[in-house]
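Student: Residue-level listing of the chains:
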Amino acid sequence: MKKPTTRWRGLVILAGVLIIAGLLLGACGSSSSGGGASPSAASSPKPGGTYNFPLTANPVSIAPVNAQESEGMQVAHQVFEGLVKYQMNDKGEMGAVPNIAESWDTTDSQTWTFHLKKGVMFQAPVSREVTAQDFVNGWNYVTDPKNQSYVSYILAPVEGSDDGGYQVDPKKGLTGVTAIDPYTLQVKLRYPFSEFYMTLGHTVASAWPVDYMKQVGAKAFGLKPIGTGPYMVESWKANQAVELVKNPSYWNKDAAGYVDNIHMPIIPESQTVWLEFQKGSLDYSVVPPGQVAAAEANPKVKSGEWSAKKWPNLAIYFIGMNMTDKTLGTNLDLRKAIAESTDATNVINIVNEGVSLPATGYIPEGIPGYRADQSPYKYNPEDAKTIIAGLGTIPTLNYWYNTDEGHQKIGEVLQAGWTAAGLDIKLSNFEWSTFLDKLSKGNQGSGSQMFRMGWIGDYPSMDNFLYPLFQSSQARTGSYTFYSNTQVDALLQQARSTVDAQQRYSLYAQAEKLILTDMPAVPLYYYRDFRVVNNRIGGFVFNPMGFVDMWTVWVK
Amino acid sequence: MITYIVRRLFQLVIVLIGVTIITFLIMFAIPGDPARQLAGKNATPERIAAIRLQLGLNRSLPVQYVKFVGRLAHGDLGESYQLQKPVLQMIWENAPNTIQLALAAVLIELLGIPLGIYSALRQYTFWDTTLTTAALIIWGIPVFVLGLFMQWFFGLKLNLLPLIGAGDNVLWIIPANWNSFASLILPAVTLGLIEVAYISYMQRASMLEVIRSDYIRTARAKGLSERKVVTKHAFKNAVIPVMTIAGIDLGALMGGAILTETVFARPGIGLMIYQAIGARDLPVVAGGVLFATLVYVFANLFVDLGYAWVDPRIRLEG
Chain P
1 MKKPTTRWRG LVILAGVLII AGLLLGACGS SSSGGGASPS AASSPKPGGT YNFPLTANPV
61 SIAPVNAQES EGMQVAHQVF EGLVKYQMND KGEMGAVPNI AESWDTTDSQ TWTFHLKKGV
121 MFQAPVSREV TAQDFVNGWN YVTDPKNQSY VSYILAPVEG SDDGGYQVDP KKGLTGVTAI
181 DPYTLQVKLR YPFSEFYMTL GHTVASAWPV DYMKQVGAKA FGLKPIGTGP YMVESWKANQ
241 AVELVKNPSY WNKDAAGYVD NIHMPIIPES QTVWLEFQKG SLDYSVVPPG QVAAAEANPK
301 VKSGEWSAKK WPNLAIYFIG MNMTDKTLGT NLDLRKAIAE STDATNVINI VNEGVSLPAT
361 GYIPEGIPGY RADQSPYKYN PEDAKTIIAG LGTIPTLNYW YNTDEGHQKI GEVLQAGWTA
421 AGLDIKLSNF EWSTFLDKLS KGNQGSGSQM FRMGWIGDYP SMDNFLYPLF QSSQARTGSY
481 TFYSNTQVDA LLQQARSTVD AQQRYSLYAQ AEKLILTDMP AVPLYYYRDF RVVNNRIGGF
541 VFNPMGFVDM WTVWVK
Chain A
1 MITYIVRRLF QLVIVLIGVT IITFLIMFAI PGDPARQLAG KNATPERIAA IRLQLGLNRS
61 LPVQYVKFVG RLAHGDLGES YQLQKPVLQM IWENAPNTIQ LALAAVLIEL LGIPLGIYSA
121 LRQYTFWDTT LTTAALIIWG IPVFVLGLFM QWFFGLKLNL LPLIGAGDNV LWIIPANWNS
181 FASLILPAVT LGLIEVAYIS YMQRASMLEV IRSDYIRTAR AKGLSERKVV TKHAFKNAVI
241 PVMTIAGIDL GALMGGAILT ETVFARPGIG LMIYQAIGAR DLPVVAGGVL FATLVYVFAN
301 LFVDLGYAWV DPRIRLEG
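Those protein sequences? They're chains P and A, same order as listed.
Heads up: the first sequence begins at 1 in my numbering, then just goes up one per residue.
Heads up: the second sequence begins at 1 in my numbering, then just goes up one per residue.
Incorrect hints may have been included.
To be verified - Here are the simulated DSS-like cross-link-like pairs (lysine-lysine), alpha carbons at most 25 Å apart as the crow flies:
1. K222/A / K232/A
2. K409/P / K378/P
3. K326/P / K336/P
4. K409/P / K426/P
5. K426/P / K336/P
6. K224/P / K237/P
7. K117/P / K85/P
8. K146/P / K85/A
9. K67/A / K146/P
10. K85/P / K188/P
11. K157/A / K302/P
12. K219/P / K237/P
13. K224/P / K85/P
14. K214/P / K85/A
15. K171/P / K219/P
16. K118/P / K85/P
17. K409/P / K438/P
18. K224/P / K85/A
19. K172/P / K214/P
20. K85/A / K237/P
21. K85/A / K219/P
No lab work stands behind these hints, which were simulated from the structure alone.
Hey, can you work out the whole structure from these sequences and the hints?
Tutor: Structure (structure tokens):
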């Protein structure tokens, strides 16, 4: 009988050890981990030091030809510059302001002339002045199909390109772009497009030395590309880190960086990023799902050592409806009822931890010309219930999302609201590329009905949120609602041809209102990014395009 | 012995062919079109078709497979769809960290042998119960959770070790300096600790079986001391099955490395495969799996050869 007693004693002691360990850890938890310097009084920017900014994936590319996802573009944003750059104005709107271009003019929105600044220099070892021919070479390179750029669609409006941004005839090249002289670039478009200049802050359209790339080879250039920006690539070790150093001969003394080095470790797990930040090794962190409230309540946030903030993002999450579907496409009342029983607040509070904002239209705040409360159908579950009751029998509707825990939870919350209004909704999920494939088929095959979709602006323009998503010819490239309205098409076309900004905004707003009245897509929420930063760093701004202008940050 | 090795190497070729076929089938069976993934948003159907053509994805599965094997015979594993980089180069760059991690984890898991023996020799005592219970608890913890705990406790709270990364190596897999070694400790312990639990559990069972056998009873009856009974007679027989498991684990740890390398942001084959699966980057997945298979098969071979050293009665000829 002794043995079992000994055994139990072992278990009790083990449990005791675990409890003591737990208490010790708890005690550790309440102490300060000493991450970063204590907040100092506001002081003026000073040069020197290192800024530690994590990347959550190994970039696909950091060079203009293929920088496409947020990590690669974040790096490229510090190294490359275009004719324009994106900047926030006093009203909190993002806009395109001159950068390498000093000014530009157009009379018909179809032929554009850009006047380049003198003295813009490529980084070492190229160290020569940027000319209009560099833009001609770069744009030709990225739109040449053999160079496999997956972001050249930005240059699709230029004459000589097809709808996807590939040259129609690679022997002729991108015929619409010409260097008139070293400081004058002429661009002819396939159609009038008044906001064309706004697209040119994208990395794919930036200045880079194609001649030098040919000399060192595309692969070597891809690892250590040369731009004109305030920071230069020192090294990129795959899956380890990207290291940037200050460009000592940066041409624009007004925007030269403060910190000497930018250390960008590549850390795929958000939980690990958060731990590294708490340890003090990082100056910026994402917060893992489910920990937003805890991060906001962190003693270091309360004491001012860290800052935690929700930064607006030019992106929208919406519920698309296939307008070629026989149940949804012809029944405006049903679409209206779906919109009125879509509970965005519940989704934001339950799933998104209060980070995002309810969407009241398709265009997020921060885009020049934004209008609030554009949607005529507000959340009104009682009205939705009445409408649905009056519609008779409605067959089960499919709601599709791409496989992801967050999208699933959102689907479940939405389903609860729609079910309460009297609809029968079936949720299904698919892997991302299969999901897109199925959506692109419209009413062929299994046929989509309702689906989730997100749209992140490539550039801060109303056009970028309306034209690709709702213009009728875009059905083949991503308007998965297959929405088609000649009046909307005409308004969008007219807006694209209108040079006067206020008139243009008004036309886009009219188009947005018309689309919302037809309700081919229910706007759910505008994204915001919750970020925690160490206040040992000054000058940090997370702009709505998802970029940090790292030349503005400095170590206190 | 040579015949045996040649035969095993021949089997290796068959295994590799089987693995490439299965990997290909799996990658094609799971949903997802690499061309659409690469084409990004706003892609026209023409662009997706052009990418498909460029990558050779328009060909039938058998044709793609034959082309892959043809290239493989020339030592060419193809190019990453996403990074446009030779897969062989990617494996060469990532393999040292993974082999280093797996070897370190195997060394750690060997601690399970003395713990298992200790437990068996003190069956049903306090320490046996404690060790067995602890082993069961640790064994049940997912490597992902254990990794995060290790980071939090040793990296953040105690601030003893780096949470992430990998340092430089010398001689391909030897940590070049303290920083490099320090960054290996937490991932290796995470990966190895779960196996320590498993090995100690297996070693305990194996030892209990041996010490109850007739020849041990005879040895005791002859008046040999307990120490001699254990070290001269029981140990070698009890350790053989566990050594087999530990050897095979070297290969199995390659699988565990996927999660460990992701949590610890440690560049390696595991992280490479993890990212490639997400991007439907078939050449990288196939190359990575092939590499892991090679490690697994060679680990098995060395374990089998190791038998002769541990127990000369085992003959490998024929």
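Student: For every hint, state whether the structure bears it out.
Tutor: Taking the hints in turn, this is what the structure says about them:
1. K222/A / K232/A: holds, 14 Å
2. K409/P / K378/P: Holds, because 22 Å separates the two Cα atoms, which is no more than 25 Å.
3. K326/P / K336/P: Holds, because 16 Å separates the two Cα atoms, which is no more than 25 Å.
4. K409/P / K426/P: Measuring from Cα to Cα gives roughly 14 Å; hence the hint holds.
5. K426/P / K336/P: holds, 19 Å
6. K224/P / K237/P: Judged against 25 Å, a Cα distance of about 10 Å means the pair holds.
7. K117/P / K85/P: With a Cα-Cα distance of about 14 Å, the restraint between K117/P and K85/P holds, given a limit of 25 Å.
8. K146/P / K85/A: It holds: about 16 Å lies between the C-alpha atoms, which stays within 25 Å.
9. K67/A / K146/P: holds, 22 Å
10. K85/P / K188/P: holds, 21 Å
11. K157/A / K302/P: Status holds; Cα separation ~20 Å.
12. K219/P / K237/P: Roughly 14 Å separates the two Cα atoms, so the pair holds.
13. K224/P / K85/P: holds, 22 Å
14. K214/P / K85/A: Given that 25 Å is the threshold and the Cα spacing comes to 17 Å, the pair holds.
15. K171/P / K219/P: Since the Cα atoms of K171/P and K219/P sit roughly 24 Å apart, the hinted pair holds (cutoff 25 Å).
16. K118/P / K85/P: holds, 17 Å
17. K409/P / K438/P: Roughly 21 Å between the alpha carbons, so the hint for K409/P and K438/P holds.
18. K224/P / K85/A: holds, 15 Å
19. K172/P / K214/P: holds, 20 Å
20. K85/A / K237/P: holds, 14 Å
21. K85/A / K219/P: holds, 8 Å
In summary, the structure agrees with every hint in the numbered list given earlier.
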